[in-house]
Structure formats: C-alpha cells, structure tokens
Amino acid sequence: MDLIAGLALGALFGAALQLSGASSHTKITQALRLKDLTIIKLIVVAIGVGLIGVHLLDLSGWAHMKIKDLYLPGIVVAGLIFGVGFAVTGYCPGTALVAAAEGKPDAWVTILGGMLGTLVFAFLFPDLETLLFSFGQYGPVTIHGLLGIQGALLAIPLGGFCLWLAAKLPGSGGAR
Amino acid sequence: MWWAGGLAIGIVLILAVALFQPIGVSTQYVVLDGVLLHNVLPDVASKSPYLAKATQGWTLATFEFFFVLGIPLGALVGAMATARFTTRVVPTEWNKRFGSNPGNRLVWSFVGGFLLLFGARFGGGCTSGHMISGVSQLAVSSLVFSSTLFASAIVTARWLYGDWGK
Chain A
1 MDLIAGLALG ALFGAALQLS GASSHTKITQ ALRLKDLTII KLIVVAIGVG LIGVHLLDLS
61 GWAHMKIKDL YLPGIVVAGL IFGVGFAVTG YCPGTALVAA AEGKPDAWVT ILGGMLGTLV
121 FAFLFPDLET LLFSFGQYGP VTIHGLLGIQ GALLAIPLGG FCLWLAAKLP GSGGAR
Chain B
1 MWWAGGLAIG IVLILAVALF QPIGVSTQYV VLDGVLLHNV LPDVASKSPY LAKATQGWTL
61 ATFEFFFVLG IPLGALVGAM ATARFTTRVV PTEWNKRFGS NPGNRLVWSF VGGFLLLFGA
121 RFGGGCTSGH MISGVSQLAV SSLVFSSTLF ASAIVTARWL YGDWGK
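Chains A and B, in that order, give the protein sequences. Numbering of the first sequence is given in our numbering, commencing with residue 1 and proceeding in unit increments. Numbering of the second sequence is given in our numbering, commencing with residue 1 and proceeding in unit increments.
Source of the hints: derived by calculation from the structure; they are not laboratory data. Quantities reported herein were computed from a predicted structural model and do not represent experimental measurements. Be aware that a few hints might be false.
[Unchecked claim] No farther apart than 20 Å at their CA atoms in a straight line, the calculated lysine to aspartate or glutamate pairs in the DMTMM-like style are these: (1) A:K66 / A:D2; (2) B:K53 / A:D127; (3) B:K53 / B:D43; (4) B:K53 / A:D69; (5) A:K35 / B:D163; (6) B:K47 / A:D69; (7) B:K96 / B:D163; (8) A:K27 / B:D163; (9) B:K53 / A:D58; (10) B:K47 / A:D127.
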C-alpha cells in the first residue's frame, strides 16, 4: 500500500514537473539568468500552496512534519556547491529524472554524476562530520518556533503572499 | 501552466505530509547507491555508516524510494501526452555559448551532476526536500539552503551563459 501510494504521488509529481517545463535546460537557465521567471513562479506557487496546506494539516494534528537540522557553515557551503551544479546541468536531482524519461542523454549523465557525488560524500562523511558539523549546530529550528507562535499564524499569510507574488511576477515573454 | 503545475506540486506535498512524510528526492540517490554497492561489495557498503543509516535493511521497497521511482514514470506519461521526447545531447542555451560538441556537454553534465548531489547530501536535501518541503514547513535550515543555492546558481548561470557586461 505504501509503495503504491509512493509510486502514484511520485508519478503525479513527475508529470507536473514535465508538463510545466521544469525539466527543460532552457527554462531553468533562463530562470536563473532572470530572463524568464516561469519556473520561479511555479516554485513560488508550490511553496505557497504547501505553506497553507501543510500548516492547516498541522493545526488538525494530521501532519507528519520533518524539519531538517540547521548547521550553519555547512548548509551555506552545501547551497553554494548545489547552485553551481544546478546552473551547469540545468537540472536538479528530481528534474534530472524527468528529463531522463524524456530521453535527454545529458540528464542521464547528470544522474550518473550524481550517483558518484553521493557515493563520494557517503565515504567522506565521517571526516566531514567532525570537520564541519561539529560546530554551529542548532537542531531542527523553525521560524515560528523561534518566534514562539503557532505555525499557521505565519504560514497562511506568507502562503497568500507567495500566491500573490507568483501572479505579479512577469511570465514568459515579459522580460526577455 | 505555471499555476497548475505549482498547485499540483503543492497538493502532492500536502498528501505526502498527511499520509507519510514530506517529499524528498536526493536521499534516494544514497539508497540506490547503497543497495547497488551492497549487492556487489557488501563489505565495502557496510563500512560506510552513512550508507547503512540511509538505506535501512539495504532495501528499495519503501514509500520514499517508490515516490522517486514514480517521478520518471509520471514524466514518461507526460512526455507521451505532449509528444515531447528528444535525444538531443546539447541544449540550445549551452550550444549558443559552448558550441555543439556533445562530449563537452556530457563531461560537464557529469561534473555538474556530481556537484549537485554532493551539495544536496552535504545540505541534507535538494530542491524538493529543502525548497518545497522545508520552506513550506518554515524550517530555518531550508530557507538558508534555498537562498544560498539560488544566489550561487544565479551568479553561476549569468557568468556561464554570458550575461556579464550586457
């Protein structure tokens, strides 16, 4: 049952990414060059809907939340490395799978490179852990937790703002 | 279609959070590596506490792995519906800047893929796990990761694809 649900949700996710062009190298690099913000609008809508839905679920006590730990120098270095890979390939770990299903050979190679990067990380991890994760550890902190308020109180207006922002940002054909 | 796509992704996240846990992709690269390595060289795989922890029981039969397995399947259906299959090696924007040499594009795709997943594992998540799931939960680590990844990607892309000085 879990497996079928996983497959179905994954398929919905993959189809949504494919149909909205998130697996296109052109669309991604144009978004990163701030020339065509369609993909940015897509992400902002997803986050807006997510913020509202996830926190409403949390209010009802039905949410399975999973907050990632904050470790400060590490997260910043990680984001910088990821960003370079994102710009070079034009894919992220998920959209590379979508692009591979569309037949794009450079996406297949991106996945292979990713599998090697993962493996190297796995075997470097014990050393990296002592080097970078040993200080600046803050645990699974959230903004509403820091403020000491209910998540929905912040998430619902912020989600609304995301939806408004997505509608306001110029779409394709706007800034070229 | 950006709003429909965004809405669909948001709904996938909400359903996943209601039923199991937030969505994520990059951890499953670890799981796949772990299971493959464990099949070929079980002793080497067991030596990595990181692989053993991510791949509990060296199995692929989990909600999380099947979620990731579903992504190319859904994409395949989408690509069939829109007839958008292509075996082009060199994308248009890459061609404009670096020429049509397929070997060049493939080597850099491999290097880029390496950095992408190395960074994702370093940060404990990717565009799905940090940006979509993490930011939706208002996690501080995800906001920091997403901001730095976008800053880095924007600077790299503008430099790489030749927008400097224009």
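Against the structure, the hints:
1. A:K66 / A:D2: Judged against 20 Å, a Cα distance of about 18 Å means the pair holds.
2. B:K53 / A:D127: holds, 16 Å
3. B:K53 / B:D43: Cα-Cα ~15 Å, so holds.
4. B:K53 / A:D69: holds, 16 Å
5. A:K35 / B:D163: holds, 10 Å
6. B:K47 / A:D69: Violated - the C-alpha atoms of A:D69 and B:K47 are around 25 Å apart, more than 20 Å.
7. B:K96 / B:D163: Between B:K96 and B:D163 the Cα gap is close to 12 Å, so the pair holds against 20 Å.
8. A:K27 / B:D163: The given pair, whose Cα atoms are some 16 Å apart, holds under the 20 Å limit.
9. B:K53 / A:D58: violated, 28 Å
10. B:K47 / A:D127: holds, 14 Å
In this structure, the hints that do not hold are numbers 6, 9, in rising order.
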